[in-house]
Amino acid sequence: MVRIEHHKELIDRQTVKYERPISAWTALEEAAFGAAMGSNGFTIQEEAEALLAAVPASGRVLDLGTGRGWPGKLIARDGGHRLVGLDMPVEALRLARSAFEAAGVADRAFVCAGEGSALPFASGSFDAVTHADVLC
Amino acid sequence: MLRQGGVLAGYVIHTPSGLSEADLESAGDLGPSFVAGMDDPAASAALSGFDVLHVQDVTARFRETGLAWVEGLGEREALLRAELGDAEYEYELHRKGCIIEGIESGLLRRSFCVFRGR
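Chains as they are written, first to last, in the working numbering: chain A, 54 to 189; chain B, 383 to 500.
FYI, nobody ran anything at the bench for these hints, they're computed from the structure. Keep in mind that a hint or two might mislead.
With beta-carbon atoms standing in for the labels, derived distance ranges [stated by the list, open to error]: (1) I64(A) to L429(B): 36 to 42 Å; (2) A171(A) to E459(B): 37 to 43 Å; (3) F174(A) to A460(B): 42 to 48 Å; (4) A442(B) to G87(A): 14 to 20 Å; (5) G479(B) to I64(A): 21 to 27 Å; (6) L461(B) to S178(A): 26 to 32 Å.
Stretch by stretch, here's where chain A covers chain B in the computed footprint (C-beta under 8 Å, at least three residues) [claimed, not checked]: (7) 451-464; (8) 487-500.
All figures in this text were calculated on a predicted structure; none of them were measured in a lab. In this text, a Cβ means the ideal position worked out from N, Cα and C, and glycines have one as well.
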């Protein structure tokens, strides 16, 4: 069963989340999880590392529902992969791009607006697809 | 978009197998906003043309992370209310609490799944 109700409301809800200031949120992350991941979710550092270990050692990765760029930035930074972070809210993509720049991977990690049901890529474009709590 | 033999890897929040319709409805209410129930990620992947390389139940860690969020929200309530506003703060606290309730009542699980495209 897949239940996606009130699609536009959900996107609007996500956009509000991405537009709000996050300095206190960042401090919360650092205290609770030992690092500011730029996330609002449940994928902690060691889980992001497990994700990296699961993808081929090199190649192109599509990070579905990239949000603020976590854990995509870890995959691009620590794995050296070329990565596209895909999400729907434009504000999320702005934050993801900033995260990629801050992580020093802006030359190989990019953002793209789109949704999983209509991906703007040719067949066979990616060696791996990653996701964290988006394919639910 | 995935090449033949490529890897699909990620974390999936889902329901356990065998829930009643009422429990599935509750799981949908308690889970993250985009969540739904998918009681067996491996079976769904197989139906979609993937081979299962690895499936690991990470629900215990999911619960720990949720509890850490709620604890952190409580410890920094004043700062977060000032920064986010009361409505956003309450929303976050409510949503994280719902997820923990869903986990502890056995309605929500989280799995780390690695599949390979055929």
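Within 36 to 42 Å: is that where the Cβ-Cβ distance between I64(A) and L429(B) falls? Because 28 Å falls outside the window, the suggested range is violated.
Okay, F174(A) versus A460(B) on CB: inside 42 to 48 Å? holds (45 Å)
Just to make sure I understand the rule, a stretch counts as covered if three or more of its residues have a C-beta closer than 8 Å to a C-beta of the chain. Does the stretch 451-464 of chain B meet that for chain A? Per the Cβ count (9), the hint holds.
Starting from the hint 14 to 20 Å, judge whether the C-beta atoms of A442(B) and G87(A) obey it. Cβ of A442(B) to Cβ of G87(A): about 18 Å, so the range 14 to 20 Å holds.
Tell me if the beta carbons of L461(B) and S178(A) are separated by a distance inside 26 to 32 Å. violated (43 Å)
Please verify the coverage claim for the stretch 487-500 of chain B: does it have three or more residues whose C-beta sits within 8 Å of some C-beta in chain A? holds (count 3)
Against the range 21 to 27 Å, how does the distance between the Cβ atoms of G479(B) and I64(A) compare: consistent or not? holds (23 Å)
Given a hint of 37 to 43 Å, does the C-beta separation of A171(A) and E459(B) actually sit inside it? holds (41 Å)
Hints 1 and 6, counting from the list given before, are not met by this structure.
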